[in-house]
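**Q** So the chains spell out like this:
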Amino acid sequence: MNHDKVPIRRLPSGVPGLDALLGGGLAEYSFNIIAGEPGSGKTTLAHQMMFALASPQRQALFFTVLGEPALKMLRYQQQYNFFDSAKLDDSIRFINLGEEVLSGDFDRVLARIVHEVESFDPAFVFVDSFRSVTQVAGATGQQGALQNFVQHLGILMTSWQATTFLIGEYQLHDSEANPVFTIADGILVLAQSITRNSMVRKIQVAKMRGHATIAGLHTFRITDDGIQVFPRTLPVGAHKRHANDPKVAPRPALAMGTPVLDDMLGGGLPAGYSLLVAGPSGSGKSLLSTAFLEEGARHGEKGVVAAFEIGPGQTLNPRLSKLVDDGDVGVIDTRALDLSIDETLFALTEMIKATGATRVVIDSLSGFELSLAPAFQEDFRESLHRMVAVLTGLGATVLMVTELEDRYGDLRFSPYGAAFLTDAIIVQRYVELQSELKRVIAVVKVRNKNHSHALRLYEINDGGIVIGKPLPEVSPLLTGHPRLMATLASLAGA
Amino acid sequence: MIHGALGEGSAEAADPTNVAAAAVQALTLLLAELQPLIGLLALRALYVRSLHLAQASFERPGKELESAAELLAQLHRDLVSRDPAQAWGAAVALLLALANLLVSLIGEPLTDRLLHKAWRGLPVTKSSEVKSP
Chain U
1 MNHDKVPIRR LPSGVPGLDA LLGGGLAEYS FNIIAGEPGS GKTTLAHQMM FALASPQRQA
61 LFFTVLGEPA LKMLRYQQQY NFFDSAKLDD SIRFINLGEE VLSGDFDRVL ARIVHEVESF
121 DPAFVFVDSF RSVTQVAGAT GQQGALQNFV QHLGILMTSW QATTFLIGEY QLHDSEANPV
181 FTIADGILVL AQSITRNSMV RKIQVAKMRG HATIAGLHTF RITDDGIQVF PRTLPVGAHK
241 RHANDPKVAP RPALAMGTPV LDDMLGGGLP AGYSLLVAGP SGSGKSLLST AFLEEGARHG
301 EKGVVAAFEI GPGQTLNPRL SKLVDDGDVG VIDTRALDLS IDETLFALTE MIKATGATRV
361 VIDSLSGFEL SLAPAFQEDF RESLHRMVAV LTGLGATVLM VTELEDRYGD LRFSPYGAAF
421 LTDAIIVQRY VELQSELKRV IAVVKVRNKN HSHALRLYEI NDGGIVIGKP LPEVSPLLTG
481 HPRLMATLAS LAGA
Chain H
1 MIHGALGEGS AEAADPTNVA AAAVQALTLL LAELQPLIGL LALRALYVRS LHLAQASFER
61 PGKELESAAE LLAQLHRDLV SRDPAQAWGA AVALLLALAN LLVSLIGEPL TDRLLHKAWR
121 GLPVTKSSEV KSP
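Taken in sequence, the protein lines are chains U and H. First residue of the first sequence? That's 1 in our numbering, and the numbers climb one at a time after it. First residue of the second sequence? That's 1 in our numbering, and the numbers climb one at a time after it.
Do not rely on the hints blindly, as some may be mistaken.
What the hints assert, rightly or not - Subject to a maximum C-alpha distance of 20 Å in a straight line, what follows is the list of computed DMTMM-like cross-link-like pairs (lysine to aspartate or glutamate):
1. U:Lys87 - H:Glu108
2. U:Lys87 - H:Asp112
3. H:Lys117 - U:Glu116
4. H:Lys117 - U:Asp84
5. U:Lys87 - U:Asp121
6. U:Lys87 - H:Glu33
7. U:Lys72 - H:Asp112
8. H:Lys117 - U:Asp90
9. U:Lys72 - H:Glu108
10. U:Lys72 - U:Asp224
11. U:Lys72 - H:Glu33
12. U:Lys207 - U:Glu28
These aren't lab readings, by the way, just hints derived from the structure by calculation.
Bound-form chain H, shown alone (with noise of 0.2 Å):
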């Protein structure tokens, strides 16, 4: 499903822009399903938690950055600057974080039927791919 949410494209292949902004445009989906639901403190902090679980030397966002557009903005001038399999190794490592934290938090079927929900438009595939990065 998170390959599916990147374009199934692969490591050595893939283009940093095109992978910044499918990592983009599929956070921003599943944010906007999250944010309703949890708010903003809330979604700032697990977004926050994800970059530390996926160690991938990301930037940690500054105190103000307080939209989802602000921390998704730097996150693609982030992704756009490392090389192909870099940027595609830290966005799979980013979305698996972000979804298992969801798992650890509300169980696999609720998480499921989140992403399901969020990514209906790209191409998905089972949720038992999304485990431990």
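So that you can see chain U by itself, here it is in the shape it has in the complex (with noise of 0.2 Å):
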């Protein structure tokens, strides 16, 4: 093993999200790729790096070449709150070299890059949009011009202790750019699909030598602040969660807060678990997963609630009102209609880590993926999943509400095959019962755990939940037109 391996200094990005992808930040001295199509946000990408990193003593180098004029560059930058006027010439200066690169002479552009990089000696370099210069390059016949001019940019720009970043309209398979994606150390791709009416931004770590990155594509969202990167979080150990392992059993029991519920669970629901609420409209799943966490504020215990049934303009009902004046619960913002899984995973993974929280509410996940952008609805099962996991991972106890269609004899769930994802499930019915419209409630399921299997009618008062008597005296309730056992028995007999 080599002990006396030169240590690689990671740089803080500057764009939040950013740095979790890179293995924790930029490598120093590495030399860059930053590609994608038009109006991907590399630029933005580049100048948010730029301005956080830049400093007097640390100054930064930005070429433009002959992609988007230097001018249009600055004024539309300039809206982005991290750009910081006070930072240009002490820290970072804009070079030009479209004049340079329309000779056709890679020998005159390296010439200048030279002159300029050791006039100023940039920690930090810059090339805007690189694929004019790659594109003059095939226009002239000069792709081995190109290499080379690659080549010698790459040891002049290590050489001069100069991390550095080309931008570049190019494709993670563009062959155009094969020469610069083999000796780049380090390629990020941007990327933007429509779908329908939304939009959704992607960026991938393509390549970074020297560390581990998190691999695959991630949200992305470019706002007023720049962009932030909401890397798709993976669950932490969650291999290990078997009965043995001493950090995970026993897990204690939380009390639900609904009055009989705990009993039917077989003495509460195990922390760390995630539940099921599955039940059609108007039975009281709200309020359940309310008392859930009014139980748990009593308790000492924080929660978060996602609340995605909650439309502008509407207010939380007023006992969670109450919970979230109270800072016992914090709410998720879920207005927007082109969320990404990762997004919302992203706002829950920070408030339970901010607050504390271990009681989390998804309210519900018809409306979770109502709010999503259509790109991520294809794979909602899947994320679902990982979301379940990362949460459950924190040590959070999850409740997800689930609206469910009352067919009857059909006895479903979850319309996400979320069923066999959570560790437990609750159901709730309507059913026909002496000309009255009643409802019913049962514990399908709690994992490696004993529980009722009774149906048990219960009523909504002001209160809350009421749980009342089992009814073994009537069946088949889930039919929706149960009959008592009684005329069955008579029934049999004839």
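Please dock the two separately framed chains into a single complex, following the hints provided.
**A** So this is what it looks like as structure tokens:
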């Protein structure tokens, strides 16, 4: 084992979420490509990093080539909050290479870059758009010269201890970009896709020499503050969750806040479990979840709710509002209709970490799916699985509400196949009993735990859900038109 | 700031030769700051646009004039050929047009920084004086 390996310093990128993808930050002295189609946010990403990294002691040079004119770039980029005009000149300098590149003479381009780098001694160098350089090379039949140019540029920048970023309108499998991609230490690829009325932006670390990164596509959003990346959060240590793990067994049981329900669950819900509450509209699912959060508050446990059922202009129910006002429960903003699972998961995990919350409510999965951009609805089930694993991996107990159309004789718990993902399931149904519409509740599943299988009537009053006794004299309830057992017996005897 | 860059003279007392020299010096300094930033092509376009906006009957540069020095040499000849009040007015109008053009494109703070940096060796006043001609 080599204990004398050179340490690679990680530089904070200044882009929220990006450092997590990069395994801790940008590698110092690395030679990187920022690739992506027009409008994907390449220049914004480069500027955001530059304004975060540059200082009078560690200056940045930004070479503009033939892409976006420098005046326009300055005009638009200064709209972002990260753009700090006080850093211009002392920390950041813009240089236009248009004439050198248009000449098609790569020696001249390199000579100009060398001159500026030697004069300014920058710690960071950006070239935007580098594809203009390669296109000129292609037009003048100088692919070999381009490769030499890129090679020399890489050597020069590394020798001058400059962390470098070439920005270009490349695709990941763009053959034209091969010489550039081969030499690069790191490749960040930005992409955007439009499905129906929503646009989704994704970033990928396609290559990063010297350290591990989080693979795959990660969503990001561009706001007035610039780019924020939502890393595709993976569950930590989920594979270690087995019965013999002293960290997870035995689990304390949490009270649900609804009398009788704890007994039905076999003595409360084990902490760290995920619970699916399935029922038709008006069956009291949200009341049950509010009671779950209230019970936590009574025991000093913080909660978080992602309330997707609340539309613009609507408010939380009064009991939930009180929990929020008292600081016992945090609310995740779920108003946007182009969310990604990772964005929601990021908001949830940040709030859990900030408040120490141990009880999480997602109300409801139906609303959650509707609030997602169409592109994310396709892999909703897989993402839901990951989300539950991440949240429970953080030690939270997760209650998910799902809307269930009451189809008698069809005992389904979730349209998302979420039932098998969860550790416990409670189902609520409507039944007709003696010419009245009644509600019944049952515990369908509690993993590794004995629980009641009884169907019980329940009512909703001002205090919440009031669970009654089992109905041994009535069957079959779930058909929606049960009969008294005595009647059934007499029918059987006849 | 514009008057400061031209040497704090007055329209009546200005010698066209001095006005031309001061205007060319101010523009040389400013264009030297701008050219590395935006390139010669954009620089030439900005300058010609400023001549147009200044509405002072400036002679438009021909296509053969490619460098900033050639453009400013033509300006020098133009200003020297005018009477004192006209030379002064034309120089002020041109510098104001260029400054306001920059303000419209990259905003006052960045323009302000650029002008101060370019003209730091010249007597300057507050950038708030950079307003429409």
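**Q** Evaluate each hint against the coordinates.
**A** Structure-based check of all given hints:
As the CA atoms of Lys87 (chain U) and Glu108 (chain H) are separated by approximately 16 Å, the hinted pair is consistent with the 20 Å bound. For a cut-off of 20 Å, the pair hint linking Lys87 (chain U) to Asp112 (chain H) stands: about 14 Å separates their Cα positions. For the hint pairing Lys117 (chain H) with Glu116 (chain U), the CA-to-CA distance comes to about 19 Å; that is within 20 Å, so the pair holds. For the hint pairing Lys117 (chain H) with Asp84 (chain U), the CA-to-CA distance comes to about 17 Å; that is within 20 Å, so the pair holds.
Using a Cα cut-off of 20 Å, the hinted pair Lys87 (chain U) and Asp121 (chain U) holds, with the two alpha carbons roughly 16 Å apart. Using a Cα cut-off of 20 Å, the hinted pair Lys87 (chain U) and Glu33 (chain H) holds, with the two alpha carbons roughly 16 Å apart. With a C-alpha separation of about 17 Å, the suggested pairing of Lys72 (chain U) with Asp112 (chain H) holds against the 20 Å cut-off. Note on Lys117 (chain H) and Asp90 (chain U): the hinted pairing holds, with a Cα-Cα distance of about 11 Å set against a maximum of 20 Å.
A hinted pair counts as satisfied when its Cα atoms are at most 20 Å apart, and Lys72 (chain U) with Glu108 (chain H) qualifies at roughly 15 Å. Straight-line distance between C-alpha atoms of Lys72 (chain U) and Asp224 (chain U) comes to about 17 Å, which keeps the hinted pair within the 20 Å bound. Straight-line distance between C-alpha atoms of Lys72 (chain U) and Glu33 (chain H) comes to about 17 Å, which keeps the hinted pair within the 20 Å bound. Restraint check for Lys207 (chain U) and Glu28 (chain U): the C-alpha separation of about 15 Å stays at or below 20 Å, so the hint holds.
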